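**Q** Residue strings, one per chain:
2 protein chains.
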Amino acid sequence: MSSTRIGFIGMGLMGVPMSTRLLEAGFAVTVWNRNADKCQPLAERGARVAGSIAELCANVDVIMTCVSNTEAVSEILFGEQGIADSAREGQVLIDFSSIAPDATREMASRCKEEHGLDWIDAPVSGGVAGAEQGTLAIMAGGDTELVERVRPLLEPLSQRVTHMGPVGSGQATKICNQMLVSCNVLVMAEVMALAEQSGVDASRIPEALKGGFADSIPLQLTGPKMAARDFDEIKWHVKTLLKDLDMANALAKANGSAIPMAGLGAELMRLHGSKGYLEQDPATLVKLFSDRS
Amino acid sequence: MSSTRIGFIGMGLMGVPMSTRLLEAGFAVTVWNRNADKCQPLAERGARVAGSIAELCANVDVIMTCVSNTEAVSEILFGEQGIADSAREGQVLIDFSSIAPDATREMASRCKEEHGLDWIDAPVSGGVAGAEQGTLAIMAGGDTELVERVRPLLEPLSQRVTHMGPVGSGQATKICNQMLVSCNVLVMAEVMALAEQSGVDASRIPEALKGGFADSIPLQLTGPKMAARDFDEIKWHVKTLLKDLDMANALAKANGSAIPMAGLGAELMRLHGSKGYLEQDPATLVKLFSDRS
Numbered sequence: 001m002s003s004t005r006i007g008f009i010g011m012g013l014m015g016v017p018m019s020t021r022l023l024e025a026g027f028a029v030t031v032w033n034r035n036a037d038k039c040q041p042l043a044e045r046g047a048r049v050a051g052s053i054a055e056l057c058a059n060v061d062v063i064m065t066c067v068s069n070t071e072a073v074s075e076i077l078f079g080e081q082g083i084a085d086s087a088r089e090g091q092v093l094i095d096f097s098s099i100a101p102d103a104t105r106e107m108a109s110r111c112k113e114e115h116g117l118d119w120i121d122a123p124v125s126g127g128v129a130g131a132e133q134g135t136l137a138i139m140a141g142g143d144t145e146l147v148e149r150v151r152p153l154l155e156p157l158s159q160r161v162t163h164m165g166p167v168g169s170g171q172a173t174k175i176c177n178q179m180l181v182s183c184n185v186l187v188m189a190e191v192m193a194l195a196e197q198s199g200v201d202a203s204r205i206p207e208a209l210k211g212g213f214a215d216s217i218p219l220q221l222t223g224p225k226m227a228a229r230d231f232d233e234i235k236w237h238v239k240t241l242l243k244d245l246d247m248a249n250a251l252a253k254a255n256g257s258a259i260p261m262a263g264l265g266a267e268l269m270r271l272h273g274s275k276g277y278l279e280q281d282p283a284t285l286v287k288l289f290s291d292r293s
Numbered sequence: 001m002s003s004t005r006i007g008f009i010g011m012g013l014m015g016v017p018m019s020t021r022l023l024e025a026g027f028a029v030t031v032w033n034r035n036a037d038k039c040q041p042l043a044e045r046g047a048r049v050a051g052s053i054a055e056l057c058a059n060v061d062v063i064m065t066c067v068s069n070t071e072a073v074s075e076i077l078f079g080e081q082g083i084a085d086s087a088r089e090g091q092v093l094i095d096f097s098s099i100a101p102d103a104t105r106e107m108a109s110r111c112k113e114e115h116g117l118d119w120i121d122a123p124v125s126g127g128v129a130g131a132e133q134g135t136l137a138i139m140a141g142g143d144t145e146l147v148e149r150v151r152p153l154l155e156p157l158s159q160r161v162t163h164m165g166p167v168g169s170g171q172a173t174k175i176c177n178q179m180l181v182s183c184n185v186l187v188m189a190e191v192m193a194l195a196e197q198s199g200v201d202a203s204r205i206p207e208a209l210k211g212g213f214a215d216s217i218p219l220q221l222t223g224p225k226m227a228a229r230d231f232d233e234i235k236w237h238v239k240t241l242l243k244d245l246d247m248a249n250a251l252a253k254a255n256g257s258a259i260p261m262a263g264l265g266a267e268l269m270r271l272h273g274s275k276g277y278l279e280q281d282p283a284t285l286v287k288l289f290s291d292r293s
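Those protein sequences? They're chains U and G, same order as listed. Per the UniProt record's numbering, the first sequence starts with residue 1, numbered consecutively. Per the UniProt record's numbering, the second sequence starts with residue 1, numbered consecutively.
No false leads were slipped in.
Note: identical chains are not told apart, hence a pair may lie in one copy or across any two.
Here are the simulated DSS-like cross-link-like pairs (lysine-lysine), alpha carbons at most 27 Å apart as the crow flies: (1) Lys243 <-> Lys210; (2) Lys239 <-> Lys275; (3) Lys287 <-> Lys253; (4) Lys253 <-> Lys225; (5) Lys253 <-> Lys243; (6) Lys225 <-> Lys243; (7) Lys235 <-> Lys210; (8) Lys210 <-> Lys225; (9) Lys243 <-> Lys38; (10) Lys287 <-> Lys239; (11) Lys275 <-> Lys243.
Calculated from the structure, these hints are not laboratory results. Small disclaimer: the values here were computed from a predicted structure and weren't measured.
Please build the complete structure, drawing on both the sequences and the hints.
**A** Structure below.
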């Protein structure tokens with residue numbers, strides 16, 4: 001499988017370290033990005049830079065994509081000179097983007113029926129650090145045999161690739177992940193403000209709860225920033241959590257499922273975003289519940 | 001400090017293993033319980049069993065309490081033949097119970113002013129297993145010098161005693177802990193039901209999210225039970241989470257703080273409890289969002 005030729009589309013914050021790790025693992029990697037300048041770091045490490053998506057598709061066995069949202073995936077697939085125009089029967093597309101499960105299922109059906117292209121949705125969790133260190137969690141949706149076949153390609157990126165079900169299941173699982181994270185960060189903001197109002201030294205809460213039932217990575221990373229009102233370092237964005245909670249609401253609505261906690265979470269996240277915090281770190285959520293600066 | 005004589009009131013699920021560990025650490029321990037039968041296991045390990053609270057108070061330097069709620073603490077303190085009738089100036093009370101912070105502050109003031117008794121609120125997290133293994137987290141509220149003075153007494157119970165602020169701060173911190181845990185378990189229930197409705201193999205979610213931003217001890221312990229609808233083993237109770245969320249609401253109301261997520265959490269927990277699940281494991285919360293059995 002190490003002779004498999006990989007194409008990687010999307011040289012963003014995640015795509016650069018992910019394709020770098022694939023290169024370093026010995027795979028032949030061809031990259032493409034709308035703004036070609038961003039391919040330069042990969043070229044320096046030995047990647048082939050394709051001049052077009054068509055050129056990329058012609059030279060690879062597996063096409064990987066990692067872009068920012070559903071619209072961007074759709075454009076790369078079905079836009080002018082997109083993947084769909086160039087894909088060959090038997091090629092496999094692995095989409096690492098975090099996008100809507102229903103759109104994923106529709107695009108995957110169309111790719112298979114019209115172009116013979118197989119689809120695996122494989123959204124990741126773990127951020128830029130996880131991408132650089134190859135410690136991402138990958139939630140995969142797609143045909144079982146196909147997922148097993150591409151597993152060796154994913155090993156440089158993750159020791160934890162979990163197959164969640166048919167196409168779209170990876171995206172639905174990522175939404176579940178984001179529901180848990182977003183609601184937890186909102187409750188943390190409530191907790192920090194309430195603790196301060198109650199005379200508690202809130203800066204000690206992450207330490208006091210460490211290792212217990214209430215603990216989480218966000219409590220240890222974002223909790224201290226909330227307590228200290230330290231918002232300078234932006235590690236992730238309010239707008240990402242809002243986007244994911246809105247996808248959760250759309251999925252729940254489509255399924256006839258009720259998600260009251262995550263539904264309220266979306267509205268609180270929107271309220272916070274509407275006050276100018278969309279591009280800020282979620283640590284700023286404490287300001288929704290406290291006037292202290 | 002190992003010559004300190006300890007009195008322990010409340011031989012419940014937590015009190016028995018906690019007082020046992022103090023005995024095994026070499027402290028002289030006198031125990032009392034309303035139903036004296038429950039003192040038997042401690043007597044067999046060498047504890048003195050007091051015939052009354054007065055007898056206990058007369059023979060110890062530090063009085064520890066671990067009972068079920070605010071009313072029970074009040075009764076032990078100020079009820080007929082309670083601690084207040086027998087306490088001596090300079091004795092210290094350490095209350096491990098999880099009770100209301102405002103009631104704690106009122107009772108502590110009254111104890112100090114009328115009886116010279118010092119108070120430390122020291123609610124614990126970690127459950128029966130933590131009590132047995134001495135790995136509880138203790139969230140302490142009280143005078144700084146006093147908390148440092150009793151720290152050696154707490155070592156057999158916990159390597160993590162965090163001083164959170166003045167009297168009542170330990171209880172407020174425990175409420176914060178429970179807000180995070182309860183809301184997280186509710187969102188887990190939403191996630192499990194939504195995942196199933198979306199064609200995801202929900203039983204793989206705890207494994208898929210393990211070690212990531214969405215992970216927590218409840219996701220690993222309670223998540224699999226939700227996915228499998230396995231409710232036979234009752235490790236904790238819906239009624240406890242409801243009690244704690246109601247205490248969170250009372251504290252927030254008293255402070256003028258808003259806690260919308262935990263407020264909705266309380267109502268959802270009450271709704272679930274009203275359907276007959278108060279004495280059941282919180283894993284049953286998945287039934288609030290899914291008819292599957």
